[in-house]
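There are 2 protein chains.
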Amino acid sequence: MIVMLKQTFKFKSVPTDIYFNQSFSQLKKIIDIKQTVVITDENVFASHQQKFKHYNTIVLKAGEAYKTQATIDSVIEQLINFNADRKTFLLGVGGGVVLDITGFVASIYMRGIAVGFVPTTLLSLVDASIGGKNGINFGHAKNMVGSFKQPQFIFHDISFLTSLHRTEWQQGFAEIIKHACIADEKLFNQLQQHNIDYYKKNKKELLQLIQQNVTIKANIVLKDEHEKSVRKKLNFGHTIGHAIEMQYEVTHGHAVAIGITYANEIAEKLLEFKQKEIVTKLLEQYELPTYSSFNKNKIISLIKMDKKKEQQIIHFILLQKIGKAIIQPISFPTLEQYLKTL
Amino acid sequence: MIVMLKQTFKFKSVPTDIYFNQSFSQLKKIIDIKQTVVITDENVFASHQQKFKHYNTIVLKAGEAYKTQATIDSVIEQLINFNADRKTFLLGVGGGVVLDITGFVASIYMRGIAVGFVPTTLLSLVDASIGGKNGINFGHAKNMVGSFKQPQFIFHDISFLTSLHRTEWQQGFAEIIKHACIADEKLFNQLQQHNIDYYKKNKKELLQLIQQNVTIKANIVLKDEHEKSVRKKLNFGHTIGHAIEMQYEVTHGHAVAIGITYANEIAEKLLEFKQKEIVTKLLEQYELPTYSSFNKNKIISLIKMDKKKEQQIIHFILLQKIGKAIIQPISFPTLEQYLKTL
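Protein sequences appear in the order of chains A and B.
Oh and the first sequence: position 203 is 199 in the working numbering, straight run, nothing missing.
Oh and the second sequence: position 161 is 157 in the working numbering, straight run, nothing missing.
Because the hints were derived from the structure by calculation, they are not lab data.
Certain hints may be false.
Same chains, same label: a pair holds when it works inside one copy or across any pair of copies.
Unchecked claim - In silico BS3-like links for lysine-lysine, alpha-carbon gap of 27 Å or less:
| # | residue 1 | residue 2 |
| --- | --- | --- |
| 1 | Lys8 | Lys336 |
| 2 | Lys277 | Lys83 |
| 3 | Lys8 | Lys303 |
| 4 | Lys320 | Lys24 |
| 5 | Lys182 | Lys57 |
| 6 | Lys6 | Lys219 |
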């Protein structure tokens, strides 16, 4: 497999160009720096300050706790101070939280301005940067407010990964394993042969892995941009995962790994899914949590606030086998029963 | 001219059905009341309480001063309390402010839910309800944040007009005169022959007038939904108008009438427009303000925050003659010079 340099995905609203394996300094070839405002967070800014010296930059506090309306208000105020207008280009440089904030602001500032993303974590490279979904949390309700807004481009510079913590590598692999589970058995087998250190050491293999996962996600999004059908499958592990993330001090990727584990327990009961141990083993191989104790009543009440619910039913994503997921409507009483027997 | 009962405008995102001359009680034929949440304001609610008794209803404080993020936050909280989900239908019942709030919330709640409008003022019947633009104010910057979101339908019940204040009739006619100025000389001539009391007394003529204006606005929006070109013409009178509205205690329609008057002064200087007195006379005939004293420096600094600006230029809408408007780029120094000589 050869790593491509650029690939265009023709989403309905805006086509998104994905530039693989680039260097940040080359961005100036595709954007006008004077018309650009960068949004990043304090961690990325501290580690890569020299990269931003020619840009108007808004620096956010880091972390999911700041994915709130208060942050949006502050960004808008700073944009007004920068005299940003309808021709201003917003560039999000960061992980999922930064890209969510940037995408959402770009969709509402002056009723929408153009946006591009530079994902700086493995998770955002393979997942959060692709597909145009953004959101902010509202109390305990995750991504309750947001929009669909495709970026004009996604620009990869994996030199940002050198400043990642171990836990961020783990989180990226939670979404990579998710992709393998729902759509690509071959990728699952490939992952079984390696581990985090292998991909950290082998740049070519890492670039290929990133591109494989971009392709899986982008092709699903292309089929169903507004998540009416097949795109829901990308929520595998995210229903219980989001609830755990909002309730406990757990990162997104770790919560998803726990969510995958329990979704497989339900799939075993409901669909006679037989491979739960293999998936659990792979999650552990990539240093991810699996079985965890949590307050089931609290988690159920949070799931009832999930966007995926409709009336008294939630669309749960379950595996029939590794590489094949289905969308299974489950009523809340049934879900409660399943969770309580686990 | 026969008043139609229903007309469909095929906007790109969602086609909008406009139902003319209906009765609110018939709404239940096109929506599922149990899945609907109504958003209205305390004035409409107080005058028409019995209409809402079968609906889950969110009642806003009335007025432009509440077109803010704080109101959006409060609506979202109430939607969560109503257990609103992706299948919930939002119904805005009110004037421009209520419809702006409802449209914006519908575009961001759970990344977008369906919305319909029941405009209850003349201004919102002929203007604000059509075209999908919404927005909230940010400090002194009008509609700084918002989106484009077409309603599934606009449902007219002119019995709501019985509770309108005189000033709200005047405001509606400001936008009607605007439509005539930019696009329809015949409508301008027709307006010259009548006044507010005539239209208040003659229901059939009022219904025809509403339909004429809906058609003018919807046809312009159809050509340019996202305001990249011809839709800008609908901003006639709104550049100076918005600035005056944000700076002084003036209603939207009255500010637009003042904005039209001064835009015509500039058109006289710049384009040798020769009909400014005729327009001023018509505005006065419909009890609207025209020449007013205002702090020119403050107004200019507010215009510099206008969304219509790009870098150092603002796209001003000027009349060549009654019925024909053009989009004229004017630099800020030039604009300042013009305003100061007035």
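Hints versus structure:
Within a single copy, Lys8 and Lys336 get their C-alpha atoms no closer than 42 Å, and across copies no closer than 47 Å, so neither meets the 27 Å cut-off. In this assembly of identical chains, Lys277 and Lys83 lie within 27 Å of each other by CA distance neither inside one copy nor across copies; the values are 50 Å within and 38 Å between. Within a single copy, Lys8 and Lys303 get their C-alpha atoms as close as 23 Å, and across copies as close as 26 Å, so both meet the 27 Å cut-off. Taking the shortest Cα distances, Lys320 and Lys24 never come within 27 Å of each other, neither inside one copy (41 Å) nor across copies (42 Å).
In the homo-oligomer, the alpha carbons of Lys182 and Lys57 never lie at most 27 Å apart, since the shortest distance is 39 Å inside one protomer and 58 Å across protomers. For the homomeric pair Lys6 and Lys219, the shortest alpha-carbon distances inside one copy (11 Å) and between copies (24 Å) are both at most 27 Å.
When each numbered hint is compared with the structure, violations occur for hints 1, 2, 4, 5.
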